[in-house]
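Sequences and hints are given; from them, build the entire structure.
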Amino acid sequence: MSSQLATQSSSYNTAFRALLEKTGNAEPSWLRRMREDSFAHFERVGFPSVKEEEWKYTNVAPIAKLQFVPAFANGQPGGNGFGAFVYDEARRSRLVFVNGMLRRELSSVEALPAGVSVIDIGEALAKGPNETSLRESLERAAKSESGFTALNTALFSSGAFVFIPAGVSVAAPIHLQFISESSHGAAAASFPRVLVVAAENSAATIVESYASPGESVYLTNAIVEVRLGAGAHVQHFKVQRESTSAFHVATTDAELGANARYDATTINMGAALSRHTIDVTMDHEGAECWVDGLYMVDANQHTDTHSMIDHRQPHCTSHQLYKGILDGKSRAVFNGKVFVRHGAQLTNAQQTNKNLLLSNEAQVNTKPQLEIFADDVKCAHGAAVGQLEADEIFYLESRGIRPEPARNLLTYGFAEEVIEKIKIDSIRRELDQAVLNRLHTTL
Amino acid sequence: MSTAEILTNREYKYGWVTDIESETIPRGLSEDTVRLISQKKSEPEWMLEFRLKAYRNWLNMQEPRHWPNIAFPEVNYQDIIYYSAPKQRAAKVSLDEVDPELLRTFDKLGIPLSEQKQLAGVAVDAVFDSVSVATTYKEKLKKHGVIFCSFSEAVREYAEIVRKYLGSVVPTNDNFYAALNSAVFSDGSFCFIPKGVRCPMELSTYFRINNSESGQFERTLIVAEEGSHVSYLEGCTAPKFDKNQLHAAVVELVALDDAEIKYSTVQNWYAGDEQGVGGIYNFVTKRGKCAGRNSKISWTQVETGSAITWKYPSCILQGDNSVGEFYSVALTNHAQQADTGTKMIHLGKNTRSTIISKGISAGHANNSYRGLVKIMPKAENARNYTQCDSMLIGSDAGANTFPYIEVMNNSSQVEHEASTSRISEEQLFYLMQRGISQEDAVSLIINGFCKDVFLQLPMEFAVEATRLLGLKLEGAIG
Chain R
1 MSSQLATQSS
11 SYNTAFRALL
21 EKTGNAEPSW
31 LRRMREDSFA
41 HFERVGFPSV
51 KEEEWKYTNV
61 APIAKLQFVP
71 AFANGQPGGN
81 GFGAFVYDEA
91 RRSRLVFVNG
101 MLRRELSSVE
111 ALPAGVSVID
121 IGEALAKGPN
131 ETSLRESLER
141 AAKSESGFTA
151 LNTALFSSGA
161 FVFIPAGVSV
171 AAPIHLQFIS
181 ESSHGAAAAS
191 FPRVLVVAAE
201 NSAATIVESY
211 ASPGESVYLT
221 NAIVEVRLGA
231 GAHVQHFKVQ
241 RESTSAFHVA
251 TTDAELGANA
261 RYDATTINMG
271 AALSRHTIDV
281 TMDHEGAECW
291 VDGLYMVDAN
301 QHTDTHSMID
311 HRQPHCTSHQ
321 LYKGILDGKS
331 RAVFNGKVFV
341 RHGAQLTNAQ
351 QTNKNLLLSN
361 EAQVNTKPQL
371 EIFADDVKCA
381 HGAAVGQLEA
391 DEIFYLESRG
401 IRPEPARNLL
411 TYGFAEEVIE
421 KIKIDSIRRE
431 LDQAVLNRLH
441 TTL
Chain W
444 MSTAEILTNR
454 EYKYGWVTDI
464 ESETIPRGLS
474 EDTVRLISQK
484 KSEPEWMLEF
494 RLKAYRNWLN
504 MQEPRHWPNI
514 AFPEVNYQDI
524 IYYSAPKQRA
534 AKVSLDEVDP
544 ELLRTFDKLG
554 IPLSEQKQLA
564 GVAVDAVFDS
574 VSVATTYKEK
584 LKKHGVIFCS
594 FSEAVREYAE
604 IVRKYLGSVV
614 PTNDNFYAAL
624 NSAVFSDGSF
634 CFIPKGVRCP
644 MELSTYFRIN
654 NSESGQFERT
664 LIVAEEGSHV
674 SYLEGCTAPK
684 FDKNQLHAAV
694 VELVALDDAE
704 IKYSTVQNWY
714 AGDEQGVGGI
724 YNFVTKRGKC
734 AGRNSKISWT
744 QVETGSAITW
754 KYPSCILQGD
764 NSVGEFYSVA
774 LTNHAQQADT
784 GTKMIHLGKN
794 TRSTIISKGI
804 SAGHANNSYR
814 GLVKIMPKAE
824 NARNYTQCDS
834 MLIGSDAGAN
844 TFPYIEVMNN
854 SSQVEHEAST
864 SRISEEQLFY
874 LMQRGISQED
884 AVSLIINGFC
894 KDVFLQLPME
904 FAVEATRLLG
914 LKLEGAIG
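In order, the protein sequences belong to chains R and W. The numbering of the first sequence is our numbering, which starts it at 1 and goes up by one. The numbering of the second sequence is our numbering, which starts it at 444 and goes up by one.
Hints were generated in silico from the structure; no laboratory data involved. Hints are not guaranteed to be accurate.
As the list claims (entries may be wrong) - Once the Cα atoms are required to be at most 30 Å apart in a straight line, the calculated BS3-like pairs of lysine-lysine come out as:
1) R:Lys-337 with R:Lys-51
2) W:Lys-821 with R:Lys-56
3) R:Lys-51 with W:Lys-821
4) W:Lys-786 with R:Lys-56
5) R:Lys-22 with R:Lys-51
6) W:Lys-484 with R:Lys-354
7) W:Lys-894 with R:Lys-354
8) W:Lys-484 with W:Lys-586
9) W:Lys-484 with R:Lys-51
10) R:Lys-329 with W:Lys-530
11) W:Lys-686 with R:Lys-378
12) R:Lys-65 with R:Lys-143
13) W:Lys-894 with R:Lys-337
To be verified - The calculated label-pair distances, taken between Cβ atoms and stated as ranges, are:
14) W:Glu-882 with R:Arg-44: 56 to 64 Å
15) R:Gly-328 with W:Ser-611: 31 to 39 Å
16) R:Gly-328 with W:Leu-491: 47 to 55 Å
17) R:Gly-328 with W:Asn-824: 17 to 25 Å
18) W:Asp-462 with R:Leu-346: 47 to 55 Å
19) R:Leu-346 with W:Lys-456: 52 to 60 Å
Said to hold, decoys possible - Derived coverage of chain W by chain R (criterion: at least 3 residues anywhere in the stretch with Cβ under 8 Å from a Cβ of chain R; other residues may be distant):
20) 468-477
21) 834-848
Since we're looking at a predicted model, the values are computed, not measured. Note that CB positions come from ideal geometry on N, CA and C, so glycine has one too.
What follows is the structure, given as structure tokens:
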């Protein structure tokens, strides 16, 4: 164990030294200190083990074993053939990152109204006005015990800073696209860092997508924070379609102001191993969130979603629907916590997790979890694991549809309940097609 | 009255102490203590070996502190008396030889031990501190081939059966408290229902802690052979002491082909006072194995007492078509803490399990349901339905749900539902405007909430449980 720890930290250590050298004095001194503290923390705690309750069902030993080379120290791979990943609606409102580094020649923010910033996080740090909010956000994350968070804080070198001024409503979806691919030899690691600040009564749609042109082994370790001011409305669509050999570990952390509304829909289809931690904190009255997701895995894929909805103030509402479709020898983990803190009266929290097992060797571990410390609340959760209803298949068969297409149709419908929440046509079309491809069928 | 108003709670009516001379061993735990207990009970060598193995396992184990949702100060395991027995004449052949003071104690608890006075149809094994003081209706049961006696007697008289099944469901290294119990358990009950016999009466054990310094470590083993049926009840109380006492029991059930065991508990250990001083730490391991085809094990529990309850009566559904059930009402008031639930491990084909849990939390109490439903790859067509509802009374109480669901094949179906509610003003108002007093209205609503569970209890117990709940919650609602 100790020798393993030594090799993993030495590979990141080299990268960490290189990064400090590269950034030199360009970064604020507080950030440099924070990176050093975070890296020290990472060296102390390492990657989490299955002995920890939060990682009980997800073993990240394969990540610890591989020698990932953070991409900034790796030169930049070519940017050809990425056209397939463009969504029409966001053609002129997108930032493209390749192996975690912003590629300006592939990006465009022309469609965004004046006053809206969608810039590289490094640039934001260098420009005075955003330093405070960035520092607050980074400092908060730095308090996390997680080794992955610490590693990201120590090593992130690119990412996005999105700012929507008060009262501004952005029509075009803001697309943050992360494309990764390992070149020959070294497995790349990227550490995207995103901060979205939506000021009072603003509205925007954020699309966060992960994709790869090939099937190489690489690591994505991302942290995305979303801050909503009073009355702000943010739609956040995350589409994870990494290479099926890749590792994807990501945190989404949203904080809602009074009467703010946050709609998140997360699709997890890629990666050999993916872990998504999504935390929503409602510390102001009247906030509302929808935290939905679909995971669809096959073969030996492993996907893990840990969500936490934290009701800290009265009159907040949360809705959660997570669905899973598992085939092959895949494994899915869902852990959904809902906290209702002392005094958070008149909370309404609903959570549902449904899993469809298409193969006899797939495995689901689900743990919806309610912790309630206020009495005048409406809270409910439900979880189900099963297969398609025989009655439903029979119904379709009685209409002349053969059993195989009937099953596919029902599975497609099962997924569609989540996919249709994504209000952008081209993404929905892409996902519909991806679901059908997985089922080896067409409609 | 529209706001919560706390009236004084009725006294815990079982809080008195019996003044009786008892024989205790020095406090503390070592290999010598284990040997001494075994020696006092004149146990055979294999029993001592079992205890020593457990003790050695225990030394290397940790208290389960990090995962349960309970908090309690350090327990000094060297400050506990591991054996305490009322002094008595050598052998008690009949009830006439039992110390009259003990008979009076159980009379006062409402458990008369003389057979004439008893509720017809219930046989009782009465356990006082570390030993069983009397078992009723033994002779009548024997006629049917049913063995019902104290655990010590079973070790002497029915060594082969005990040896075959002891530790087969809860191994000595299962968990910290089970290991401790396996090392130092003093007495308990043993039931054996032979092939094809339907036990003619309810069997029950009544546990009483009397000594303020001792812990209680009892062991229960119930074996139901092919095609047999038994219903077993368990009750318990303890005096009020302002020191916490440890109760770490182990219950093992084994059901062979077509056998059925129904196990009901009404737990009313002393819960400590309103500030949470004193009370029993109820750290119990209960597990049943449906070893045979078509067997069934059903747990029903009404948990109202104890400062802390840490208890997960479980079923291992090994035989094909076997059935596991868990019906629970857990009530916590004042500073009580409960982390309780069940585990349903599906191994066999077509196995089914049902979990109905009702948690009621009042005062500053914290009530958690924690359950595991595990469907193994070979458990084809397994089915589970879980429903856990919580009721919160007052704004300082907590209710938590931690269901773990692990499914490893695709022909099974698992459903889990949970909800949280409270007694609404409208419900109370409706009942009160019909002339029902507030107390009765609350009791009516609570009993309605718990009805699914109470229906599973044998009649006498259901009446007792209903009354107990009303008593415990008296004044918690305004």
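Evaluation of the provided hints:
no.	hint	in the structure
1	R:Lys-337 with R:Lys-51	19 Å, holds
2	W:Lys-821 with R:Lys-56	23 Å, holds
3	R:Lys-51 with W:Lys-821	26 Å, holds
4	W:Lys-786 with R:Lys-56	17 Å, holds
5	R:Lys-22 with R:Lys-51	37 Å, violated
6	W:Lys-484 with R:Lys-354	54 Å, violated
7	W:Lys-894 with R:Lys-354	29 Å, holds
8	W:Lys-484 with W:Lys-586	27 Å, holds
9	W:Lys-484 with R:Lys-51	41 Å, violated
10	R:Lys-329 with W:Lys-530	63 Å, violated
11	W:Lys-686 with R:Lys-378	38 Å, violated
12	R:Lys-65 with R:Lys-143	26 Å, holds
13	W:Lys-894 with R:Lys-337	29 Å, holds
14	W:Glu-882 with R:Arg-44: 56 to 64 Å	57 Å, holds
15	R:Gly-328 with W:Ser-611: 31 to 39 Å	37 Å, holds
16	R:Gly-328 with W:Leu-491: 47 to 55 Å	52 Å, holds
17	R:Gly-328 with W:Asn-824: 17 to 25 Å	21 Å, holds
18	W:Asp-462 with R:Leu-346: 47 to 55 Å	54 Å, holds
19	R:Leu-346 with W:Lys-456: 52 to 60 Å	39 Å, violated
20	468-477	violated (count 0)
21	834-848	holds (count 14)
Consistency note: the structure conflicts with the earlier hints numbered 5, 6, 9, 10, 11, 19, 20.
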